[in-house]
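A.B. asks: Sequence order for the protein chains is A and B.
According to this note's numbering, numbering within the first sequence proceeds without interruption in unit steps and concludes at 1086.
According to this note's numbering, numbering within the second sequence proceeds without interruption in unit steps and concludes at 294.
Just so you know, the hints here were simulated from the structure itself, not pulled from any lab data.
Bear in mind that the values here come from a model prediction, so they are computed numbers and not experimental data.
A few of these clues could be false.
Claimed, not checked - Residues from chain A that keep clear of chain B, each with C-beta distances beyond 12 Å, as calculated:
| # | residue |
| --- | --- |
| 1 | Lys480 |
| 2 | Ala515 |
| 3 | Asp607 |
| 4 | Ile611 |
| 5 | Asp813 |
| 6 | Phe933 |
| 7 | Arg1025 |
| 8 | Glu1072 |
Unchecked claim - DMTMM-like mimics (lysine to aspartate or glutamate), calculated; alpha carbons at most 25 Å apart, straight line:
| # | chain 1 | residue 1 | chain 2 | residue 2 |
| --- | --- | --- | --- | --- |
| 9 | B | Lys232 | A | Asp402 |
| 10 | A | Lys1068 | B | Asp220 |
| 11 | A | Lys390 | A | Asp372 |
| 12 | A | Lys590 | A | Asp439 |
| 13 | B | Lys211 | A | Asp830 |
| 14 | B | Lys232 | A | Glu1011 |
| 15 | A | Lys1021 | A | Glu1011 |
Cβ atoms here follow ideal geometry from the backbone N, Cα and C, with glycine treated the same way.
Residue strings, one per chain:
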Amino acid sequence: MSEKLVIIGNGMAPGRMLEHLLEAAPDRYSVTIFNAEPRVNYDRIMLSPVLSGEKAFEEIVIHGDGWYIKHGITLYKGHRIVAINRDAKTVTSDRGVTESYDRLVIATGSVPFIIPVPGKELPGVLTYRDLDDVNAMLLAAQSRAKAVVIGGGLLGLEAAAGLKEQGMDVTVLHVMPTLMERQLDPAAGYLLQKAVEARGIKVMTKANTKAIVGNGKVEGVELMDGTIIPATLVVMAVGIRPSTALAKDAGLEVNRGIVVDDRMRTSDPAVMALGECAEVGGHVYGLVAPLYEMARVAAAGLADGEDRRFVHSDTPTKLKVTGIDLYSLGDFADGEDREEIILRDASAGIYKRVVLQDNRIIGTVLFGETGDGAWFNDLKKKATDISEMRDTLIFGQAFQGGVSSDPLAAVAALADDAEICGCNGVCKGKITGAITGKGLTGLDDVRAHTKASASCGSCTGLVEQLLKLTLGEAYNPAAVQPMCGCTSLGHDDVRRLIKAKSLKTIPAVMQELEWKTSCGCAKCRPALNYYLVCDWPDQYADDYQSRFINERVHANIQKDGTYSVVPRMWGGVTSADELRAIADVVDKFEIPMVKVTGGQRIDMLGIRKEDLPAVWADLGKAGFVSGHAYAKGLRTVKTCVGTDWCRFGTQDSTGLGIRIEKFMWGSWTPAKVKMAVSGCPRNCAEATCKDVGVVCVDSGYEIHFAGAAGLDIKGTEVLGLVKTEDEALEVIVALVQMYREQARYLERIYKWAKRIGTAEIKKQILDDAEKRKVYYQRFVFSQKFAQVDPWSERVSGKDKHEFRPMASVGFAEAAE
Amino acid sequence: MNWIAIGCIADIPPRGARCVATPQGKIAVFRTADDQIFAIDDHCPHKGGPLSQGIVHGAAVTCPLHNWVISLETGKALGADEGSVRTIPVRVEGERLFIALEALASKAA
């Protein structure tokens, strides 16, 4: 029988420990985790991008629910352990669950320090620690009011930047004379303050908080000198303290943290501690790299594997505020026996300082340009004697030994044991080894196999350069493929930033995202126009000049410059009156070709552009509307005849098809969307090769998606079975809305689904009713603005310039 | 030079084009984002696509048929493609637009 391992806490350190443990001794323990937070293990370092809107929570999850199930781990979410009984070897949660253990790991992390001033308990005073804090801040930020962040350290500045991004008026109060004084010298602190202020954040240093004032809720912060700064939100980010109460109550040795030896063992041999709550060799830690090292050590101990000991090392500090680059490492205080080398470039806002002792680097501060951080770190770690390169040391690696300033060459010149990813302690050799050994081809592969660049992501550039170096031409960084030549950003980044920065016009996008051309090109403009239509349905004014001609004139251009017109035939059903009207139009306008399409409708080809409004007017009189056969939008819903006629039909497939089409017509999508509903598994409507398909069965409606029958041929994936027509409609609409919000322009559903993963789509659309409803409602909202028949609009005169020449000149009659 | 009035700037949407019909085919008159006016034959040098229907960006237009990019200033295809289309002189007087159609006029006569 396997031993019982109980873990208190489900943060990044125990999560990493389990990964190592499952690798070394997969079956040794049956594992139970108690997590006070009601969720899975996520990347806490990335909370700042979530606050600023650059990432979604889903993107920072480290272990999804599936991971726990796959490894047979029991996870109690939202259970806070209130007691450890070391004699009985049990733990008990606040919800009354008691679990016995053979080995116990305490990973309770830390709690934010609350400065003991009057008013600290007022509603509107928050800390910055977990997702709940972030959500509370996001909620508060909706008011666009004033916020005060107390604390000008790493966390405080990231919180301030995030709140500013969310539109708040932010003031940072810092008790010391310069920001981040523990990581930066005063010169760099000054540059940082300037950079922070340049983003519109006010900074007050030497600001001592006396009280938080307000009647029933926060109204402001009062300083020692009597100044009152108005605020409706106060974020305390003045530091953390290890969470040790539980261990203390259990009688374990506790100092600042829970005291452990260099194998993470507490004073009780059956109990280990790791993470921010642990104290090793007199140090407690808050950065991820040493915590991950603790995880490695603890896992080795639990697995009885290698004899691994924890050794203290300095960890570089980086600020995760987009656009501010700083790097600090080691000891940079002045001293008698110390020398320093400094480089300043005021116009470029660059400051670099290397502190030396006995010709060896002991500390580094870089601001504005941090590319050489890893190299300095490497020299420091190896205690390299730098006297040979002293004169050029500060210029960085590229200037040593004639190496060119090409960044690729600089990475090539790094030694195999040079650290690339500080968070996860991954060196260059491990990454290049994995790339060649395991045939990795992309960034995501490297993250999955080595963990490099998988935490804070600041070494992503280095990892990409290693991929390029190792794979040469074979490396195709698809993930960072720019949208077009006008920008270096990819589609995903652009979509994310449109939302994060509330960009609502094409010029705003181009300005804020630093487009390289004055007005874009034929690739990016239609994409941007779509993203804005999708994201701001009620606010964005569609830019027709950024639409491809077919969507501008609502017909399909043909090779001779004429157009084809396809009216909607709901579900492929028509009537004598409709057919008669089409016949009349064909005669009247001498339309040379009439053809039945693959989507069960009728196409009239060879119509002169000038005739389009008149053709639509006649079709409109018979009740026809545009079939959007030209659109990146909903095309057709193909149906079979279902229970009304077919002896095999199980449901009213025609009726459902018409219902879907009437609900969804007019919506713009990243690429065309074709649907079908088949009344039984014989599937006469060919629903299993469509973007979205329904196959009716006796017990309900099987929803299919991500099929293709064009450039690629691909059968659909099954999303799931629902019982009623209403449910089928809701699922389909939510699925299409998720696709509308996430896909890249011109990316069909099957390609998007392959990229996102079918499991993720199922999770959000089928399993999470809440989420499904939200997607559904957003679609319904956007339809209010989208369901306008473009043909009748143009019959009434809209865009009439499109259909008429500006002038006729040079003809005999005109000349007279 | 024989200048023929064809209308005024406001007739053409910014980053758009309108056509002028002539006995020898259509001429596409473009208005850029910064209100420069250009006129070229409405006939892509590649497969004859109607350039007036393309997306206008900078001083260039992308043909709607096969995405050739044509310079409005020179009429030449940009990028890797080779070919060119006739440019027609344009004069702007206040709001009013004129094109020079001597060649056309003489041929039509």
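A.B. asks: All hints, please: hold or fail.
C.D. replies: The hints, checked one at a time:
| no. | hint | result |
| --- | --- | --- |
| 1 | Lys480 | 55 Å, holds |
| 2 | Ala515 | 63 Å, holds |
| 3 | Asp607 | 61 Å, holds |
| 4 | Ile611 | 47 Å, holds |
| 5 | Asp813 | 8 Å, violated |
| 6 | Phe933 | 31 Å, holds |
| 7 | Arg1025 | 25 Å, holds |
| 8 | Glu1072 | 9 Å, violated |
| 9 | B/Lys232 x A/Asp402 | 60 Å, violated |
| 10 | A/Lys1068 x B/Asp220 | 23 Å, holds |
| 11 | A/Lys390 x A/Asp372 | 41 Å, violated |
| 12 | A/Lys590 x A/Asp439 | 20 Å, holds |
| 13 | B/Lys211 x A/Asp830 | 13 Å, holds |
| 14 | B/Lys232 x A/Glu1011 | 36 Å, violated |
| 15 | A/Lys1021 x A/Glu1011 | 14 Å, holds |
Taken one by one, the earlier hints fail for this structure at numbers 5, 8, 9, 11, 14, listed in ascending order.
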